[in-house]
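Colleague: My request is simple: use the sequences and hints to build the entire structure.
The number in our numbering is simply the position in the sequence shown, starting from 1, with 1 added.
It cannot be assumed that every hint is accurate.
List time: in silico DSS-like cross-link candidates among lysine-lysine, alpha-carbon distance up to 30 Å [as the list claims (entries may be wrong)]:
(1) Lys119 to Lys62
(2) Lys85 to Lys11
(3) Lys85 to Lys68
(4) Lys134 to Lys119
(5) Lys68 to Lys121
(6) Lys11 to Lys62
The hints are simulated quantities; they were obtained by calculation from the structure and are not laboratory data.
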Amino acid sequence: MVNGEFFQNKKHGHGKLTIQLNDRSMQRYYIGQWRNDRMNGYGTLYVNQSAYYEGEFRDSKKSGWGKMYYENGDMYEGEWYNNKRHGLGLFVTVNGDRYEGHWFEDNKHGHGQYYFGKQKRLFEGLWFNNMCKSAEQVS
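Modeller: In structure tokens form, the structure reads like this:
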């Protein structure tokens, strides 16, 4: 179901799209900007009752700056490209761990800092394809 603005029979401008999933109790919906029938510009995509993304979209994909709240309580804020964490970003887990640094195609990649919440230790180093290759404790 769509509520919003149209141009030449396509979603264009501000609007809301609601999608009923197979499980009748679940809905996915998007509120935000449309261009040429695609999510473009700033908007919020609700994936389920506890997971949602708020930020920029390009061609119906998360691209640009945005914040994702995951169902398990984790959160990512930073740059996105083609629905993947890509560029600079901050990822915080529900247990208090935190990674701040570079991402490439959804993986920690490049310079970053990882804070272990329970141990209260901060490490700084280099990451490649989600693996820490070298790091030193800074606090």
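Colleague: Run every hint past the structure and note whether it holds.
Modeller: Results for each hint:
{"no.": "1", "hint": "Lys119 to Lys62", "verdict": "violated, 35 Å"}
{"no.": "2", "hint": "Lys85 to Lys11", "verdict": "holds, 26 Å"}
{"no.": "3", "hint": "Lys85 to Lys68", "verdict": "holds, 12 Å"}
{"no.": "4", "hint": "Lys134 to Lys119", "verdict": "holds, 22 Å"}
{"no.": "5", "hint": "Lys68 to Lys121", "verdict": "holds, 25 Å"}
{"no.": "6", "hint": "Lys11 to Lys62", "verdict": "holds, 18 Å"}
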